[in-house]
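Trainee: Chain by chain, the residues:
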Amino acid sequence: AMIKRELTTKYSCFDAYLNPSDPNMITAGDRMKLVDWCYDIVDHCNFSRETVASAMEMTDRFLGMPSTSVHTARVSDEALVDPSKFQLLTIAALYTSIKISEKVAISSELFAEMCSHVYTVEEIEGMERILLIGLSWRCHAPTAHQVGMSILSLLLPYVDIPEETWG
Amino acid sequence: MPKADRWSSDEEEIVLLSLLPKPISHLDEGTYGVVWKARDNATQEIVAIKQIKFDSDMTKEGFPISALREIGVLLSLSHESIVSVREMVVGSTPDKVFMVMDCFEMDLQAAMKKGPGASTPFAQSEVKYMMRQILSAMAHVTSIARKYEHPARNMTQMVVTLWYRAPELLFSESCYGPEIDTWSIGCIFGELLIKEAILKGTGELDQIQKIFKLLGTPTDDEYWEQLWSKQGSTFKWKNNDSDLARTFAVNSFSATGQSYLSPDGFDLLSRLLSLNPKKRITAEDALRHSYFSCGVTEQVPMFYV
Chain A
267 AMIKRELTTK
277 YSCFDAYLNP
287 SDPNMITAGD
297 RMKLVDWCYD
307 IVDHCNFSRE
317 TVASAMEMTD
327 RFLGMPSTSV
337 HTARVSDEAL
347 VDPSKFQLLT
357 IAALYTSIKI
367 SEKVAISSEL
377 FAEMCSHVYT
387 VEEIEGMERI
397 LLIGLSWRCH
407 APTAHQVGMS
417 ILSLLLPYVD
427 IPEETWG
Chain B
7 MPKADRWSSD
17 EEEIVLLSLL
27 PKPISHLDEG
37 TYGVVWKARD
47 NATQEIVAIK
57 QIKFDSDMTK
67 EGFPISALRE
77 IGVLLSLSHE
87 SIVSVREMVV
97 GSTPDKVFMV
107 MDCFEMDLQA
117 AMKKGPGAST
127 PFAQSEVKYM
137 MRQILSAMAH
147 VTSIARKYEH
157 PARNMTQMVV
167 TLWYRAPELL
177 FSESCYGPEI
187 DTWSIGCIFG
197 ELLIKEAILK
207 GTGELDQIQK
217 IFKLLGTPTD
227 DEYWEQLWSK
237 QGSTFKWKNN
247 DSDLARTFAV
257 NSFSATGQSY
267 LSPDGFDLLS
277 RLLSLNPKKR
287 ITAEDALRHS
297 YFSCGVTEQV
307 PMFYV
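As given, the protein sequences belong to chains A and B, one line each in that order. Note that my numbering has the first sequence beginning at 267, numbered continuously upward. Note that my numbering has the second sequence beginning at 7, numbered continuously upward.
Everything hinted at is true.
Quick list of in silico lysine-lysine cross-link-like pairs, DSSO-like style, CA-CA up to 30 Å:
# : chain 1 : residue 1 : chain 2 : residue 2
1 : A       : Lys351    : B       : Lys102
2 : A       : Lys351    : B       : Lys59
3 : B       : Lys284    : B       : Lys236
Quick list of simulated restraints, FRET-style, between CB atoms:
# : chain 1 : residue 1 : chain 2 : residue 2 : range
4 : B       : Gly183    : A       : Glu375    : 29 to 35 Å
5 : B       : Gln115    : A       : Ser416    : 34 to 40 Å
6 : A       : Pro428    : B       : Gly183    : 30 to 36 Å
7 : A       : Arg340    : B       : Lys216    : 53 to 59 Å
The set of hints was computed from the structure by calculation and includes no laboratory data. Positions of the beta carbon are idealized from the N, C-alpha and C atoms, including for glycine.
So that you can see chain A by itself, here it is in the shape it has in the complex (with noise of 0.2 Å):
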C-alpha cells in the first residue's frame, strides 16, 4: 500500500526541480547557499538546526510537488527560475518553522531587519501565507532526520552501533 500511495503523482517530486540539466532553473548550489544562511540565523538566535531542516522540507515540498491552486502554481513556477522568489519563500519557511518548532517566535518586523530588509514585513507574511495554502496547512511532516533517529530506535535494541555514529 504504501508502494503503491508513492506511485501516485499526488506524491511524486518533479523532475524538473533542481535538475542540474536545466540551466534556467534554481540549482541545488542555490539552496544549498540558503540552507548555510538560514544556519547562521538559527545559531544566532540559539534554535535548533532541525528548524531549518523543518523549513527547507517545507520548501522543497512545496516546489517540488503539484501545486493545489493557480495561485499557488504561478509562485512555485516562479520560484523554480527566480532566485529572488526561491529566497523569499526560503525566508518565508523558516520563519514559519520557528514558529512552529521553537519555544521563542520572532516578530516579522524583526525577521524582515535579520533579512537584511529585502524583503519588506508584507512580502513574507504574504509568502507565509502561500507557503501555507500550498502545502494545505501540512507543515508538521518529519525531516529525513527525524526519520532515520525513528529507523535507528527500532534497530538499536537488536543491532550494536557505536552511540557515536547515531548523530
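Dock chain B against chain A, hints included.
Mentor: Below, chain B alone, put in the same frame as chain A:
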C-alpha cells in the same frame, strides 16, 4: 486549495448563501475562533467551519502561532473519537482562513443538559462507554503530541478551562505533560456521574480551595513540597481530608442523582484525580484499568441513538 464559495452559511464572510433556506447557526466560539455550521455545496453535507481568529497578533507574527500549531496537530490526528479536520479553506482576504470539520449535533455538555434522558443520571454502562472514548482519544493525542514535544520547555500555565485545570498548573508549574489532560478527564468523569461540573471555582484561588476540599490537601507529598519550596510559597493551606468518597458514593442505588459507581470506577476516578501528577494514571493505563474489563458491559448512550 478549494475556495470558500464551496460552502453555504448565513455568515456573510464565508460568502454564498444561495442554497440555504434558513440561516445556519452559529455553533460555538472556541479559544481560537468562531465555529459556524455550513453546508458543503459539492456534497450537500453539513459541516462545521471554524474561522481562525486574527487578532492584533497578525500584524506582529504573520499567521497566528496558536492556530498554526493547532491546525498542525489536528491534521495529524486520525481517531474515531476525535473530530477530524477535513481541509483548510481560504477566503478573499488574508484574515479569512477556515477549518472545515465534521459537524455533530451536540457536544457532551449539551447532551448532558438537553439530550434524551437529560433529567436522569447516565447509566453506568453509558458512562463507561463515554470514558473509554475519551481516554482512547486522549491516548491517541498523547502519542501524536510526543512528536511535537519540546523537552524541558517552559510553557504557559494559562491553559485549560479553569474548572478542568490541574492543580499543578494553578501553582504555576511550567514543565508539564499529558498528565494535565488526564486530570481534566477525571473532572469529566465526575461530571458524567453527577451531570454537573465537580470543581466550579470562581477564580484560581477558589479553584485551588475547591480541589483541596474535594481531594484533601497534599501533605507529606514530595512533589508538592518541592513545588512549593521552589516557588518560595508563603501560603498555608488548611489541612483537609479527601472528600471524594463522600462526594461519589460507591455501590449506591440511592436516588442521589448520581450514576451508579462501582469500586473499580471509584478507583479509576481517584487515580485520574491524583493530586501528584507523577502518580496520576496515564490514558493508556486507564484504558487497561479493571473498570473497563470488569462489571457491566459498555453501552452506547441514549443521546447517540
